[in-house]
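Enquirer: Sequence:
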Amino acid sequence: MSTVAEHVPFLHLCKLCQKLSDKKGKDKKVKPLIEFIQYWQNFHKKLHASDLNTTDSFFPAMRLLLPQCERQRTAYGIKEFTLAKLLIEIFCLDKNSVDAQKLLNYRSPKSANVEAGDFASVAYFVLKNRSPEKGTLTIHDINYNLDDIAANHAEKNKDNLKHDLLHLLRNTSALEQKWLMRMILKDMKLGISENTILKAFHADAKDLYNVTNSLEKVCCSLKDPSVRLHEIEISLFSPFRPMLSEMALPNQVEELMKGNSFIIETKYDGERLQLHKDGNSYMYFSRGGFDCTDTYGSSPSQGNLTPYIHKSFKSGVSKCILDGEIVIYSNKLKCIVSKGENADVQALEPDGDYEPCFCVFDILMVNDQVLSNLPLMDRVAHIKNTFTAIENKIRYTEQLVASTNTEVTEELNKAIDSRLEGIVVKNPSSIYKPNIRKGGGWLKVKPEYIENLMDELDLLIIGGYYGEGRRSNVISHFLLGVASPEQIDGGPKCFYSFSKVGSGYTLKELHELSGKLGDHWKPFDPKKSPSCLIIGGGRKEQPDLWIEPSKSVIVQVKASEINRSKGFATNCTLRFPRVEKIRYDKPWYNCMTTIELEELRNLAQGRLATKRSVASEEEESPKKQRIQKERVIATIAPHFRPTDVSAVQKVSELFKDKEICIIFASLEKKQGMEKCIAEHGGKFVQNPGNKTFCVVCDKITAKVKNIISTNMYDIVKSEWIENCVQQKTLLQWVPGDLLHATQETRDKLSEYFDKYGDSFTEELTERTLRKIFDNISSEEWMAVDISNQKIEVIEKGLFSHPRPYGLFRECWIHIKSDNNQTMSVEERSNSFKLLCFKLRLHGANLCKNIDDSTTHIVIQSSNSGSVEDCRSDLKNGNHHIVTEQWVIDCITENKLLNEEEYEEHKNEEMSSDDSLFSF
136 MSTVAEHVPF
146 LHLCKLCQKL
156 SDKKGKDKKV
166 KPLIEFIQYW
176 QNFHKKLHAS
186 DLNTTDSFFP
196 AMRLLLPQCE
206 RQRTAYGIKE
216 FTLAKLLIEI
226 FCLDKNSVDA
236 QKLLNYRSPK
246 SANVEAGDFA
256 SVAYFVLKNR
266 SPEKGTLTIH
276 DINYNLDDIA
286 ANHAEKNKDN
296 LKHDLLHLLR
306 NTSALEQKWL
316 MRMILKDMKL
326 GISENTILKA
336 FHADAKDLYN
346 VTNSLEKVCC
356 SLKDPSVRLH
366 EIEISLFSPF
376 RPMLSEMALP
386 NQVEELMKGN
396 SFIIETKYDG
406 ERLQLHKDGN
416 SYMYFSRGGF
426 DCTDTYGSSP
436 SQGNLTPYIH
446 KSFKSGVSKC
456 ILDGEIVIYS
466 NKLKCIVSKG
476 ENADVQALEP
486 DGDYEPCFCV
496 FDILMVNDQV
506 LSNLPLMDRV
516 AHIKNTFTAI
526 ENKIRYTEQL
536 VASTNTEVTE
546 ELNKAIDSRL
556 EGIVVKNPSS
566 IYKPNIRKGG
576 GWLKVKPEYI
586 ENLMDELDLL
596 IIGGYYGEGR
606 RSNVISHFLL
616 GVASPEQIDG
626 GPKCFYSFSK
636 VGSGYTLKEL
646 HELSGKLGDH
656 WKPFDPKKSP
666 SCLIIGGGRK
676 EQPDLWIEPS
686 KSVIVQVKAS
696 EINRSKGFAT
706 NCTLRFPRVE
716 KIRYDKPWYN
726 CMTTIELEEL
736 RNLAQGRLAT
746 KRSVASEEEE
756 SPKKQRIQKE
766 RVIATIAPHF
776 RPTDVSAVQK
786 VSELFKDKEI
796 CIIFASLEKK
806 QGMEKCIAEH
816 GGKFVQNPGN
826 KTFCVVCDKI
836 TAKVKNIIST
846 NMYDIVKSEW
856 IENCVQQKTL
866 LQWVPGDLLH
876 ATQETRDKLS
886 EYFDKYGDSF
896 TEELTERTLR
906 KIFDNISSEE
916 WMAVDISNQK
926 IEVIEKGLFS
936 HPRPYGLFRE
946 CWIHIKSDNN
956 QTMSVEERSN
966 SFKLLCFKLR
976 LHGANLCKNI
986 DDSTTHIVIQ
996 SSNSGSVEDC
1006 RSDLKNGNHH
1016 IVTEQWVIDC
1026 ITENKLLNEE
1036 EYEEHKNEEM
1046 SSDDSLFSF
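Residues 136 to 1054 (the working numbering) make up the sequence shown, in order.
The set of hints was computed from the structure by calculation and includes no laboratory data. Be aware that a few hints might be false.
Below, a list of computed lysine to any residue pairs in the SDA-like style, where the Cα atoms sit at most 20 Å apart [to be verified]: (1) Lys181 - Ser137; (2) Lys840 - Thr880; (3) Lys826 - Cys796.
Can you make the complete structure from the sequences, with help from the hints?
Expert: Dropping the structure here:
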């Protein structure tokens, strides 16, 4: 069956988009949009006059106008940089040509004549002379090829993806290519919102889309603009946009709730999730309507959630739709943990400590009854009749009925202490309104909304990013860094990239800051990164420009928490950062250091809300808050608090007057070690200070690396503590105890140990000897010791009788092995080391290479032909070529034997009795 999209040229839609982009003012933009929709609808009536039940609709055009809303289509996996490389390859551009560089550096203000920062506009100027004057594709063709590109991306078929893209580019004009790229990048820049476009299509389109989150369903259900949608129902297996909460302060709740009682719920740090169930069939949708059923499971036999919660649903429940938050649960800690600091909830390892847990706070359908129009209290009553809670899999969200602002403050403080995001306050009589935030009766109260509850960070601007569109020539975002604790010339040695920020300042403040920094910006070349900056590995985090730290400015930043991130040099970054103040009063070197960042990160599991709120009318007046600061109480998360040793009994004074910092990844081991220190009279701290004796750890972590970089502390293995306790004495450190030593400690140890850890005074044991041998490389085993010559002179002067340990003193020996394949690599290495040791013990000079000074070549081989092979290779040499047996026999008889007898001697296997030493 023919469709309208098969008859309408793609060029018509692109001309509409260009009109919308060029015109100023909402009314002027809406008029041509409505005309295009009416043109489509009239065409539809003519084409389907005899088929009133056709499924054809405006959807093919709508999904191109609003590509960011079309969630049902798989992602294309193409961003600006990837698209630039594909265009260079498809059009056979020289990578170093001007046009290719414009595409790759589209953000630079020199990359094109206009609209730098907008990739589609830059590509338009590059490709307009290489493209056909008129395109031949329809809207249907464009959708068909875009769907193919998405499928090839999902299947990682790059060749087919390039083929589809090449087909599109060869059959479209430059104008069409410009808008095609914006559709692929899902950034249309039309100057009007999605709500305006939906309203232009139908008066009820926005409401229906909020419920269904499906453009296709909107276009199919609302074909006739004269037919209104009087009742919107939430339906099974159709995602809807969830109801949202508006921001509020604790002292505003009573007024917003009009003096009535309200419900307080915990606000978990997770991802919004809706669960749809029909018998054994399940579907899961994210807040944006993305289908994540593959992760959680479409049936009781699939996924990382459905198999565990299927049996929790009560027998009378066959269908339901639940709304809630999917969070991360730690089986080890027996609690919900922060999403940002631990992992992506949709990418958890199946056998790891963390697993997904669904916290349900609303229900929209049970069996065939839609509940969205019921008051919240009535809906909540259905939840506990739907399923039985499982602590680590599916649970009810805790709810408390309250009526005062004081109760709100108390619950917010409990959330802060538990390292949660905050609380949600709900009107018990509120009905469920999809995608409604303001006026719906739901309020969210978070620590970051309240002055003085959040830790603020002083960070240095080290890089800048150009904006897009009207801000293409302006540095609108900044890369922030923290300082290395290591000093050089009175300032930090270098700065580590930590976070990007692009909000919190006014245009006036941005203009003033740009004036201060403008003359000091330098283009950033990732291949020649400045030595004073450690940027990290993330391409998208690399700045367009960089600045010398001494020429830069500190900004005071507030954020909700610190999350892991591989894109920055600190391996972490800020979540929702914003600039609170530009600190022109602070010198550039007084910003946060990497050690301070690690301490703050450990203080509260990355959360930056470490203070409690005090109920006060002054909360609503930020000006008053700045004048009179609230009294705050600092708290530390249980996982990072010092171990409670109040019940520990002291058994000795072994570590008396010793302050020791314990750094372990394992909470259990850390607590055990801290109790051990306390039992034996010592003091433990969470971070090293001026009085710290040493730092004890079991492996080198990021925090330990930062401590090592200061070179202020000795880093000791945990074995040393255990050995001290076992031997009931404070043992002196030996090289094997230390992961890092200060210069003072290294100087002291050099008086008693050589560079391999061999003691000058202590007797060797098999264990210590093995450790010493492990510290000696193969090259060092072969190294020539010139002091042998001096020893030879001394021996001849003092001893007239044979010298067993100077037997080979005048011999310069090179050992040659034929890499006997009957022995393992480790066995060959040990055999080689043992032979070297025997020769050195009896005074031999070992040669790494064969030269004129070499007197003997010892063949270490089980192959009888090795001697002859060696002789043929070294015909002109004046060396004795002997087998390993010559060495053994010389040592046994305590004299140098005639080499000629061993040159043709077949190498015999050495029995265990022949070995001089046994390990």
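Enquirer: Is Lys840 close enough to Thr880, meaning Cα to Cα at most 20 Å?
Expert: It holds: about 18 Å lies between the C-alpha atoms, which stays within 20 Å.
Enquirer: Is Lys181 close enough to Ser137, meaning Cα to Cα at most 20 Å?
Expert: With Cα atoms ~12 Å apart, Lys181 and Ser137 stay inside 20 Å; holds.
Enquirer: For the pair supplied as a hint, Lys826 and Cys796, is the alpha-carbon distance within the 20 Å limit?
Expert: holds (10 Å)
In summary, this structure violates none of the numbered hints.
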